[in-house]
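Undergrad: Sequence order for the protein chains is A and B. When you number the first sequence by the working numbering, it's gap-free, plus one each residue, and the end is 340. When you number the second sequence by the working numbering, it's gap-free, plus one each residue, and the end is 348.
The hints are simulated quantities; they were obtained by calculation from the structure and are not laboratory data. All figures in this text were calculated on a predicted structure; none of them were measured in a lab. Be aware that one or more of the hints could be misleading.
Between beta-carbon pairs, the in silico distance windows are [claimed, not checked]:
{"#": "1", "chain 1": "A", "residue 1": "R314", "chain 2": "B", "residue 2": "D50", "range": "55 to 63 angstroms"}
{"#": "2", "chain 1": "A", "residue 1": "R30", "chain 2": "B", "residue 2": "M207", "range": "54 to 62 angstroms"}
{"#": "3", "chain 1": "A", "residue 1": "E328", "chain 2": "B", "residue 2": "K342", "range": "51 to 59 angstroms"}
{"#": "4", "chain 1": "B", "residue 1": "P77", "chain 2": "A", "residue 2": "D52", "range": "43 to 51 angstroms"}
The beta carbon of each residue, even a glycine, is placed where N, CA and C say it ideally should be.
Residue strings, one per chain:
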Amino acid sequence: MSMQPNPMQIENTLPVNHEQLLAELGRDQALDMLATMCLIRAFEEKAEDLFARGMVHGTMHLSIGQEAVAVGATRAMQQGDYLLNHHRGHGHCLAWGSDVNLMMAEFLGKETGYCRGRGGSMHIANVEANNLGANGIVGGGLPISVGVGLSIKMRRTRQVCLTVFGDGAANEGAFHEALNMASIWDLPVVYLCENNQYAMSMPVTKAFNIERISQRACAYGIPGETVDGNDVLAVYAAVRQAAERARSGQGPTLVEAVTYRWRGHSKSDRQAYRTREEVKVWQQRDPIRRFAALLGLSEEELAAYTAEAQRKVEAAVAFAQASPEPDVSTILEGVYA
Amino acid sequence: MREITYVEAIREALAQKMAEDPTVFLIGEDIGIYGGAFGATAGLIQQFGEERVIDTPISEAGIAGACIGAALTGMRPVGEIQFMDFVTLSMEQLVLQAAKIRFMFGGKAKVPFVLRMPGGSGTGAAAQHSESLENWFVHVPGLKVVMPSTPYDAKGLLIAAIEDDNPVIFVEHKLLYKIKGPVPEEMYRIPLGQSHVVREGKDLTIVATSVMVQRALQAAEQLQAEGIEAEIIDPRTLRPLDDEPIIRSVMKTGRALVVHEAVKMGGFGGEIVARIVESEAFDYLEAPVRRLAGLDIPIPYNRTLEYHAVPQVENIVEEARKLVKGAY
Numbered sequence: 004m005s006m007q008p009n010p011m012q013i014e015n016t017l018p019v020n021h022e023q024l025l026a027e028l029g030r031d032q033a034l035d036m037l038a039t040m041c042l043i044r045a046f047e048e049k050a051e052d053l054f055a056r057g058m059v060h061g062t063m064h065l066s067i068g069q070e071a072v073a074v075g076a077t078r079a080m081q082q083g084d085y086l087l088n089h090h091r092g093h094g095h096c097l098a099w100g101s102d103v104n105l106m107m108a109e110f111l112g113k114e115t116g117y118c119r120g121r122g123g124s125m126h127i128a129n130v131e132a133n134n135l136g137a138n139g140i141v142g143g144g145l146p147i148s149v150g151v152g153l154s155i156k157m158r159r160t161r162q163v164c165l166t167v168f169g170d171g172a173a174n175e176g177a178f179h180e181a182l183n184m185a186s187i188w189d190l191p192v193v194y195l196c197e198n199n200q201y202a203m204s205m206p207v208t209k210a211f212n213i214e215r216i217s218q219r220a221c222a223y224g225i226p227g228e229t230v231d232g233n234d235v236l237a238v239y240a241a242v243r244q245a246a247e248r249a250r251s252g253q254g255p256t257l258v259e260a261v262t263y264r265w266r267g268h269s270k271s272d273r274q275a276y277r278t279r280e281e282v283k284v285w286q287q288r289d290p291i292r293r294f295a296a297l298l299g300l301s302e303e304e305l306a307a308y309t310a311e312a313q314r315k316v317e318a319a320v321a322f323a324q325a326s327p328e329p330d331v332s333t334i335l336e337g338v339y340a
Numbered sequence: 021m022r023e024i025t026y027v028e029a030i031r032e033a034l035a036q037k038m039a040e041d042p043t044v045f046l047i048g049e050d051i052g053i054y055g056g057a058f059g060a061t062a063g064l065i066q067q068f069g070e071e072r073v074i075d076t077p078i079s080e081a082g083i084a085g086a087c088i089g090a091a092l093t094g095m096r097p098v099g100e101i102q103f104m105d106f107v108t109l110s111m112e113q114l115v116l117q118a119a120k121i122r123f124m125f126g127g128k129a130k131v132p133f134v135l136r137m138p139g140g141s142g143t144g145a146a147a148q149h150s151e152s153l154e155n156w157f158v159h160v161p162g163l164k165v166v167m168p169s170t171p172y173d174a175k176g177l178l179i180a181a182i183e184d185d186n187p188v189i190f191v192e193h194k195l196l197y198k199i200k201g202p203v204p205e206e207m208y209r210i211p212l213g214q215s216h217v218v219r220e221g222k223d224l225t226i227v228a229t230s231v232m233v234q235r236a237l238q239a240a241e242q243l244q245a246e247g248i249e250a251e252i253i254d255p256r257t258l259r260p261l262d263d264e265p266i267i268r269s270v271m272k273t274g275r276a277l278v279v280h281e282a283v284k285m286g287g288f289g290g291e292i293v294a295r296i297v298e299s300e301a302f303d304y305l306e307a308p309v310r311r312l313a314g315l316d317i318p319i320p321y322n323r324t325l326e327y328h329a330v331p332q333v334e335n336i337v338e339e340a341r342k343l344v345k346g347a348y
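Next comes chain A alone, as it looks inside the complex:
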């Protein structure tokens, strides 16, 4: 009899006291977190719209429905910390404080983008802000996190590296090598598994024979927590605890945030592997609406946040569209330092 995950029953493995967390954050920061979630939603919806209108050259991986993971996790980090994230990474990048104009410009392949249009949706980075980049290879950032952790330890800077990857990456060999190395050396890394239920079309119920991905932590002798990834405060609490542990030299933690991808894997996904009903059920658990309700906002108040986010994204599109294309004469630049 196998123990398979039941995504519909997400029980936090650590206590989440919403009132206390809200009091600690303060209302201003809580509202700012909501605003960031709205910004991510607006960015992704605009990306989808631009794509549908044939204005995007490449592909994209939308994180609509997963905004609580990006915002909850990044708010738990401190100035100077590092971020490594994955291909579905617009949300983490925005929540890290990135400039929405430069992100949109990169998405549209413009010279003014974060990566001068060379990276695109899957490779947005801002090394100056210690955002070490999204990664097009599933699990590709995991071994890199070991080096970031070692470097922090050797430089004695008390930074922490937040490493975000998906449920799919947890089945890569790199996951094993990285978590083991981070554990034996007590590296200051938070491993955040953003379990959105599907590795492209492969559901976690078929890809794992354990109840929770966080159970794998015991194989590395580190703590493992699972939280409701559609509850921004639950993600915040778990990542904050993991970051504190990492910063105090006690080593890494594996945090699993269970969430759901509302859209297909990428642009070409017909979603034959799941039902519309399943998607609808998860849309009832909309992380933005849940947080707005917890904050006691009215429909009108939430609509105002959404409108402000959409305004910023429209301005970003205008910036990107007015930006120059990379000059072909620069095509060879940036291969070598």
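Following the hints, complete the assembly by docking chain B onto the known chain A.
TA: Structure of chain B alone, referenced to chain A:
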């Protein structure tokens, strides 16, 4: 000048860079108390401590990733892959991450690290511990590939590689570790991307890499007795490749032989031949350009079979003789 071995030259380069630069550290399998499978790091853990000479679990992707992550955040790691064959387990990190990070991020990041690894056959280690995979990396923009053939070059190239701001694949050779040669005690650098005319001659140009440079030198002695003067060029850095001395040499000699240990098909020799025939040297050729390389087989275990799997001195002599005598 003082003479030390190739492996001692590597150890000295590591020790001198570590003493000079606190951001340099070593990471790999059995490089601490054990001293590295071939002794390259012997004594360094006693000198620099466990924090800077880091023994890892058997995790080659992890070693490569550790180098990348540390390099991205201000360090200059030097990783060791115990046998070059095992770098196949690091390929994703090296090819898809290290080589591409700078370009993908619009030239706004740098990844300065060196990954050392011994390649080559001749030790009876058979098919999974004897490969010469350097051309896999030569094919990847963003990586640099260095292949020293003498103790002097090993030290000077390794110091330059550690100081380089790019990922450098540093390919050593098991059979070279014990050869001795003159090496200055102080630090010095051999710039990456500089070919070296190892021996001058007028009758043919031999372009050789790694252990084949030593074999070509021995072959040249025998050829000299027959009145054939071979010019030998060691590219030393395969990527970026300094082809100018090679082209100039072929314009002088009119004949070219490329020698490497890796299998011929898809090997580095093809690139050298292409550079020659694409250049002005083409008009000076008096014979077809020839390649002498490993047979198209995995390295066999049996001593005799292993010997015959890759070019030896007598093969170079014979091939050079045929080329000069107009057999082709």
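Undergrad: Could you check the structure against the hints above and give me the numbers of any it violates, in ascending order?
TA: Every hint satisfied by this model.
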